[in-house]
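Trainee: Protein chains in written order, with the numbering used here: chain A, 1 to 216; chain B, 1001 to 1267.
Keep in mind that the hints were calculated from the coordinates and are not lab data. Positions of the beta carbon are idealized from the N, C-alpha and C atoms, including for glycine. Careful, some of the hints might be misleading.
[Unchecked claim] DSS-like mimics (lysine-lysine), calculated; alpha carbons at most 25 Å apart, straight line:
1) B:1138 x B:1170
2) B:1085 x B:1042
3) B:1265 x B:1073
4) A:84 x B:1170
5) B:1246 x A:84
6) A:158 x B:1094
7) B:1130 x B:1232
8) B:1139 x B:1119
9) B:1089 x B:1150
10) B:1138 x A:84
11) B:1151 x B:1209
12) B:1119 x B:1138
13) A:84 x B:1232
14) B:1038 x B:1052
15) B:1130 x B:1078
16) B:1094 x A:84
17) A:84 x B:1249
18) B:1246 x B:1038
19) B:1138 x B:1089
20) B:1170 x B:1094
21) B:1150 x B:1138
[As the list claims (entries may be wrong)] With the C-beta cut set under 10 Å, the calculated list includes, among others, these residues of chain A facing chain B:
22) 2
23) 8
24) 11
25) 15
26) 77
27) 122
28) 125
29) 126
30) 129
31) 135
32) 167
33) 173
34) 179
35) 183
One-letter residues, chain by chain:
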Amino acid sequence: MDFAGAYSWPNLSFILQGFGMTLLVAALSILFSFVLGTLLGILRYTRVPLLNPLLAVIIDLIRNLPLLLIIYFIYIVLPQLGLKLPPFGAAIAALTLFEGAMISEIVRGGLTSVDRGQIEAARSSGLGYVQTMRHIILPQALRRMAPPLVSQFISLLKDTSLAIIISLPEIMHNVQILQGHSPNYVIPALIVAALLYFAVNYTLSIIARRLEARKI
Amino acid sequence: MKKRSKLGVLLILLAVCLVFAGCGGKKEKDGGTLEAIKARGKVIAGVKYDTKLFGLKDPATGKIEGFDIDIAKALAKKIFGDESKVELKEVTSKTRIPLLQNGDIDLIIATMTITEERKEQVDFSDVYFKAGQSLLVKKGSPIQGLEDIKKGVKVLTAKGSTSAKNIREKAPDATVLEFENYQDAFTALKAGQGDALTTDNAILLGMQKQDPNYIVVGGNFTDEPYGIAIKKGDSEFVQVVNDLLKEMKESGEYDKLYEQWMGVKPE
């Protein structure tokens, strides 16, 4: 092990650059997968005929495939069908698709957990379906969804490391390059990576815990 | 409802299979790689970013440097007269062949060993680097090759590596000591804990460069020739690359680059 060499400023800054990429990809994927997941979750909840079983099958399919496979598929197989994405785009697309499917189930679960009696009450007091959703169901559901959503986002942030397989220059990728410079850099570099991941994810889980405490 | 969604899954799986079957049969009949390079105005080379001496990213400058990289530059110089007309794209052992087949890269210069299995998927240039397992010893050591690794000789290598397996097969009488990694094994060799260190010659050459008191001896006793991979069937471009390697060898540029990176002249 060579801590002094591994922690020279160029090396540390290289690890940080990688972590910047990790955070950027995670932030964009969180944004997109949240939008996609919410849409899919609401669609599934409203049980549109024909569309609903189809969505159920697609979501189940994606949820039951390893993310690694989806990343590899989008980067390697889609170009053969005419859609070429660079590692950055491919990673975000894969994460959005996979985490979106996960989030759609969280959203659907949150919506279903609101007692049906409330819909009936709202509807009989004269609110329309959309109004009922917006003012009665969604606010309650969102509060219940918040903790599992944050855990999902923590998973997502960690899952970005899988994009090392398509050479996305994220933190684990840069650690691997440092390893190429000297095998004695591996452990020191991994320690920095672990600390960075932990700092961000732990902050997120504290937020999740706070949200959960407020739920009741 | 339950039954219907099961049927749906089957249908989707079937559709996916069909799509793949379609891909498999796709003919790559577009023009040659050379025309594509000329039309584009640059060579796109698939290289490693994490391999010492061949293709390694420098964290300080962000530049990719190594023997493979310089060959890519030489190719750009041959085609365009300008070695900067090259774009490097990072590949790994898992992505390089699909990227070549998808046309994302023109050629693979990424420490790729020529094997019969790979020849079914890609075409290879002539050998540009003779990789293989070799021995590193202290200058003046009585060990000058595999035949000197007899009973009682301590050979150092990395834990669980192919190198460890190979040396046990080739020199069954030797005592093999395994370390966490090659750098640790090298430290142990310097500390006199063993008589020789064995692994891929490129790694050993890197160590010899680091400390010239230690030298690589006896040549390779396993054979893993590195070749440049080109899209299957593009014999015109294979010829271009082979001509380049030949010209580089004749002009002495190959020896110069080899010595610059490996620290010694090619055998």
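Trainee: Please go over all the hints and tell whether each is borne out by the structure.
Mentor: We went through each hint and held it up to the structure:
Between residue 1138 of chain B and residue 1170 of chain B the CA atoms are separated by roughly 21 Å; this keeps the pair inside 25 Å, and the hint holds. For the hint linking residue 1085 of chain B to residue 1042 of chain B, the alpha-carbon distance of about 5 Å falls within 25 Å, and the restraint holds. Between the alpha carbons of residue 1265 of chain B and residue 1073 of chain B the distance comes to roughly 20 Å, so the proposed pair stays at or under 25 Å and holds. At roughly 47 Å between alpha-carbon atoms, residue 84 of chain A and residue 1170 of chain B are farther apart than 25 Å, so this suggested pair is violated.
Taking the CA atoms of residue 1246 of chain B and residue 84 of chain A, the gap is near 35 Å; set against the 25 Å cutoff, the hint is violated. As the CA atoms of residue 158 of chain A and residue 1094 of chain B are separated by approximately 22 Å, the hinted pair is consistent with the 25 Å bound. This hinted pair checks out: residue 1130 of chain B and residue 1232 of chain B have alpha carbons roughly 22 Å apart, not beyond 25 Å. Proposed proximity of residue 1139 of chain B and residue 1119 of chain B is contradicted: the alpha carbons are some 40 Å apart, above 25 Å.
Distance restraint check for residue 1089 of chain B and residue 1150 of chain B: the Cα-Cα separation of roughly 45 Å exceeds the 25 Å cut-off, and the hinted pair is therefore not satisfied. With a CA separation close to 51 Å, the supplied pair residue 1138 of chain B and residue 84 of chain A exceeds the 25 Å bound. A threshold of 25 Å between alpha carbons decides the hint, and for residue 1151 of chain B with residue 1209 of chain B the separation of about 29 Å lies outside it, so the pair is violated. Note on residue 1119 of chain B and residue 1138 of chain B: the hinted pairing is violated, with a Cα-Cα distance of about 39 Å set against a maximum of 25 Å.
Distance check on the hinted pair: residue 84 of chain A and residue 1232 of chain B sit about 21 Å apart at the alpha-carbon level, within 25 Å; holds. Taking the CA atoms of residue 1038 of chain B and residue 1052 of chain B, the gap is about 31 Å. The hint is violated against a cut of 25 Å. At most 25 Å may separate the alpha-carbon atoms for a hinted pair to count; residue 1130 of chain B and residue 1078 of chain B meet this at roughly 23 Å. Distance check on the hinted pair: residue 1094 of chain B and residue 84 of chain A sit about 18 Å apart at the alpha-carbon level, within 25 Å; holds.
For a cut-off of 25 Å, the pair hint linking residue 84 of chain A to residue 1249 of chain B is broken: about 37 Å separates their Cα positions. Between residue 1246 of chain B and residue 1038 of chain B, the direct Cα distance comes to roughly 21 Å. Compliance with the 25 Å bound is thereby established for this hinted pair. Taking the CA atoms of residue 1138 of chain B and residue 1089 of chain B, the gap is about 38 Å. The hint is violated against a cut of 25 Å. For the hint linking residue 1170 of chain B to residue 1094 of chain B, the alpha-carbon distance of about 30 Å lies beyond 25 Å, and the restraint is violated.
At most 25 Å may separate the alpha-carbon atoms for a hinted pair to count; residue 1150 of chain B and residue 1138 of chain B meet this at roughly 17 Å. Among the interface hints, the one on residue 2 of chain A holds; its C-beta lies about 8 Å from the nearest C-beta in chain B, closer than the 10 Å criterion. Because the closest C-beta pair between residue 8 of chain A and chain B is about 8 Å apart, less than 10 Å, the hint holds. For residue 11 of chain A, the shortest C-beta to C-beta distance to chain B is roughly 5 Å, which falls under 10 Å, so the interface hint holds.
With a least beta-carbon distance of about 8 Å to chain B, the hint placing residue 15 of chain A at the interface is held under the 10 Å criterion. A hinted interface residue such as residue 77 of chain A counts as satisfied when its beta carbon comes closer than 10 Å to some beta carbon of chain B; here the least separation is about 7 Å, so the hint holds. With a least beta-carbon distance of about 27 Å to chain B, the hint placing residue 122 of chain A at the interface is violated under the 10 Å criterion. Contact between residue 125 of chain A and chain B, as hinted, is not supported at the beta carbon level, the nearest pair being about 32 Å apart and thus beyond 10 Å.
Proximity of residue 126 of chain A to chain B is violated relative to the hint, the smallest CB-CB distance being about 32 Å (cut-off 10 Å). Among the interface hints, the one on residue 129 of chain A is violated; its C-beta lies about 23 Å from the nearest C-beta in chain B, farther than the 10 Å criterion. For residue 135 of chain A, the interface hint is violated, since its Cβ never comes within 10 Å of a Cβ in chain B; the closest pair sits about 31 Å apart. About 4 Å separates the beta-carbon of residue 167 of chain A from the nearest beta-carbon of chain B, less than 10 Å, and the hint is met.
Of the supplied interface hints, the one on residue 173 of chain A holds, with its beta-carbon coming within about 8 Å of a beta-carbon of chain B, less than 10 Å. With its C-beta approaching chain B no nearer than about 7 Å, residue 179 of chain A sits inside the 10 Å limit, and its interface hint holds. Taking 10 Å as the C-beta cut-off, the interface hint given for residue 183 of chain A holds, the closest approach to chain B being about 4 Å.
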